[in-house]
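The residues making up each chain are set out below.
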Amino acid sequence: MRNSKWIGFVAGLAALLILFSLLSETVSTGSSAGYAARRHNVLKDFKSQKPHTIDVVVLGDSESYTSVDTMRLWHKRGITAYVLGQPAAQVSEMARMAEQIAGYQKPKVVLVETNMLFRKVSMVNGAQNQFGQTIGEAFPIFQNHDFWKALFVKDCQVRRYNGFRVLTRAFPDTKVSGYMKPTRRAQAIPAFNQMMMARIVRACRDNGSRVILYSAPSTKNYSMAKHNALEAYAAKLGVKYYDLNTRLGLTAIDWNQDTYDGGDHLNYNGAEKTTDALCAVLARCGLADHRGDKNYRAYAQLYRQYAKRVKRIDERWNHI
Amino acid sequence: MEEKIIKMLEENDDSIDYANETHLIDDGLLDSFGVIALVADFEDAFDVEIGTADLVPENFNSVQAIAALIRKRA
Amino acid sequence: MSYQSLFYGTLFLPAVFVLYTLTKQAYRKYVLLGASWLFYFLAMHRVTWVLVATCVGVYGAALWIDRASGRQRTFRLTCAIALLAGALIRVKYAGWIADGIGMLAGHQFSVRALVVPLGISYYTLEAIGYLCEVYWQHQAADRDFVRVALFLSFFPQIMEGPIARYQDSAASLCAGQPITGQSLRNGCLRMLWGFFKKMAGADRLSLLVTVIFSQPHRFHGWAALLGSAAYVAQLYLEFSGMIDVTMGTAEVLQIHLPENFRQPFFSRSASEFWRRWHITLGTWLKTYVFFPVSTSHLVVNGNRQARKKYGRQTAKVWTSFLALTPVWLFNGFWHGAKWHYIFYGLYYLVILMLEVILEPAKKRFYSRTGFSPDRGLFSILRWLRTLAIIVAGEVIFRADTVTTAFTMIGNVFRGPSHVHALLAASHLDFSDGFVVVLCLILVTVVDVCREKGVHLFAWFDRQPTAVRWALSYSLIFALICFGAYGAGYRKVDMIYAKF
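Chains as they are written, first to last, in the numbering used here: chain A, 1 to 320; chain B, 1001 to 1074; chain C, 2001 to 2499.
Calculated from the structure, these hints are not laboratory results.
C-beta atoms are modelled at their ideal positions from N, C-alpha and C, and glycine is treated no differently.
It cannot be assumed that every hint is accurate.
[Unchecked claim] Facing chain C, according to a computed beta carbon distance under 8 Å, are these residues of chain A, among others:
| no. | residue |
| --- | --- |
| 1 | 21 |
| 2 | 22 |
| 3 | 104 |
| 4 | 106 |
| 5 | 128 |
| 6 | 132 |
| 7 | 242 |
[What the hints assert, rightly or not] DMTMM-like, lysine to aspartate or glutamate: derived pairs with alpha carbons at most 25 Å apart:
| no. | chain 1 | residue 1 | chain 2 | residue 2 |
| --- | --- | --- | --- | --- |
| 8 | C | 2363 | B | 1031 |
| 9 | B | 1007 | B | 1043 |
| 10 | C | 2362 | B | 1017 |
| 11 | C | 2286 | B | 1003 |
| 12 | C | 2024 | C | 2144 |
| 13 | A | 47 | A | 254 |
| 14 | A | 220 | C | 2144 |
| 15 | C | 2309 | B | 1010 |
| 16 | C | 2308 | B | 1017 |
| 17 | C | 2309 | B | 1017 |
| 18 | A | 311 | A | 231 |
| 19 | C | 2309 | B | 1049 |
| 20 | C | 2362 | B | 1043 |
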């Protein structure tokens, strides 16, 4: 093949990439069939919120959106919160999100769930993920590559309330004996994650937000060694750290009833308890009570939907 | 010698035209079991010793090659 | 770093190709060796010294062996192989052996677990092969260190093979042939095809396979059969796909490596399957285990006496048994220090021995009845029987223990089957099923073409440009859209890279 043919082939490829990118963007907007689309839509929903109305943003992996009930925060104290956490999120992914917040919101507090900090990642892998994300942003087809699923699957809408997911099932954790056993050891936080965490802190401070680290209760994910590491790390970063695993007295988590999957994630019940504990933390941050404010009518509306849903759950639980 | 070899080959499998076949191994007509059985036959018939180093396809692809090998080892 | 990583495909590999092209032909081998060791360093960090030391050691050992003759020569070969095998045994099997001895002695021994160097199972076999070839004087000990080192550490080959023989690949690795338009196109197409098989097909099936093998008691009947067949499909798509990536890379550089697969599922018998599946391992075992054992004095004399006493057939069975036992024990053990791998080897030993024992009876049957084993009903029956043997074998291969494997095979014949529950538990929806089926259909079409002797690249060349481009674009976008990567999918490590 001559060179001109190769150039033609590559040009055609680029054109098709752009075409497919546009197509995938159009299809995945509003659809939640593909995994990527679902992930994408949270960010889109966040960006479509009324500017400068959100006071608390939560970052993290699945531990984050199963532990902070935004609706309860609203109902109890009139705090407006949004969970940007994503399943199996990397710290680097959250760092990019943190940098995007500034264009849309000026939260007073950014809560960061710490589980993702221990995700195994080497410097090489980390750089690779970064590179992948850059490509994905240039050609969205790589992010929305499963957009074609919309052809097959009816929207399986996961009801989310500003990022919070209501999980109703309870699957007890029967083996909690080794959980948070005292040790002086500290588990290392991968260097790449530390680098990305520093980026989150920088981005938040530039945006005028205060960063607070917290660990959601989870027997599968936390240990004293992680607690020790996080204590030291938070001190190094100069931020506050609340480990709800060591303050179970405060949250009164019952591992028989409050976990969705045997100690990995909290269910709705558990989320209520941790949200109350976090509420006490946030109360000290001087957040305004927006209940009754006309600008925040959307929250009251969303809360009514939520209340209807959880009422059924509460009834069922009380019944048992 | 070639005729004797062909006779021994035919004892193993008589559906092949050994005299004109030059890819016995490459075409899979002779498998490794066959080769091993033949080596024992040849060693007895011609009183030679055939070692592992001789078990390469080139030495067993045709009757001529086998004969050449046996002459070399005699 | 592995072959399916973004960094490898979009930066590392293109950079190697560009650098290779810009370098003078005589120096290209240095580029490849440098790239190979860099690749290894990115994957293994400090452990790279093991590979480099092996290269130096094998280079020296070959020269050392070649200088001696007679008994001394044998002694030197034995020393070198013992050293290579010792290193492999230390990192891969020491823990298992210590446990075994501990159990017999009633005392716990502990061995420090070491990092297993990437590809050690592959390059050790290549190194032993090279030393044997030198010992047999098929090959003079190479005075060019770069050629020996590149033969052992060529980066597209290091993770999953194919296990090449020195005569087959060393010369072309160092030839520094230029990258041409033709080689680039064919190579890239083959790589894309391999990635498609792995990422669109195998990585989806892996979800289902993980579910069924982690809950072996839960699924019965059709669900159990589907899960087992899915594993066989996953293994084939994944292993042959990644080998296609390797072969494609080599093709771009005009390097010739031996093929590892020849449409294994068209086999009519277990022995034929092993001549078509993981061919380079089979060839290695045949050349360096089977032949040496079966031409050893012990076996040859035993054969001679058995033949006089009991006749040809019995002697053949006896010789086969003596020569095949080490082959299959080695095959099983090579995959790892687990009992079910060893059992997997023994399973095939039994089946192959049955083939040898029953051969005269079968011959008589076919000649008396006039049926042909290669046509019609019997051909199909033999094909189905072979598929059953393969599936059962791979269940033993994948299950955690031998008992689990038997439970799973037994479950196929115990109802009730909940195929829906299996699909739901593996989070595969209808659309994923569609992609897997599409992938399997394409693979079948390609394999049938190859089996019929159709040269796909030649056919591709005859098409007008528009068709060629359309096909290439389709393959690229099929990979981008259907690949199981990114958000929501877990990266699946290469199965054969851990052996």
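Under 8 Å, Cβ to Cβ, is where residue 22 of chain A needs to be relative to chain C, so tell me if that hint holds or is violated.
-> Residue 22 of chain A check fails; min Cβ-Cβ to chain C is 14 Å, beyond 8 Å.
Given the hint that residue 2286 of chain C pairs with residue 1003 of chain B, does the C-alpha gap stay at or below 25 Å?
-> Between residue 2286 of chain C and residue 1003 of chain B the Cα gap is close to 29 Å, so the pair fails against 25 Å, i.e. violated.
Given the proposed pairing of residue 47 of chain A with residue 254 of chain A, does the C-alpha separation stay at or below 25 Å?
-> Cα-Cα ~36 Å, so violated.
Residue 2309 of chain C paired with residue 1017 of chain B [C-alpha distance capped at 25 Å] | violated (31 Å)
Are residue 21 of chain A and chain C close enough, Cβ to Cβ, to be under 8 Å, as the hint says?
-> violated (10 Å)
Hint status (Cβ of residue 242 of chain A to nearest Cβ of chain C, threshold 8 Å) | violated (29 Å)
Within 25 Å, alpha carbon to alpha carbon, are residue 2362 of chain C and residue 1017 of chain B?
-> Cα-Cα ~23 Å, so holds.
With a cut-off of 25 Å on the C-alpha distance, tell me whether residue 2308 of chain C and residue 1017 of chain B pass.
-> Cα-Cα ~29 Å, so violated.
Would the pair residue 2362 of chain C and residue 1043 of chain B pass a check requiring their Cα atoms to be no farther apart than 25 Å?
-> violated (29 Å)
Regarding the pair residue 311 of chain A and residue 231 of chain A, is the alpha-carbon distance no greater than 25 Å?
-> violated (38 Å)
Pair hint outcome, residue 1007 of chain B versus residue 1043 of chain B [Cα-Cα no greater than 25 Å] | holds (15 Å)
Hint validity - residue 128 of chain A Cβ closer than 8 Å to any chain C Cβ | With a closest approach of 4 Å, the residue 128 of chain A hint holds.
Violated hints, in rising order: 1, 2, 3, 4, 7, 11, 13, 14, 16, 17, 18, 20; the structure is consistent with all others.
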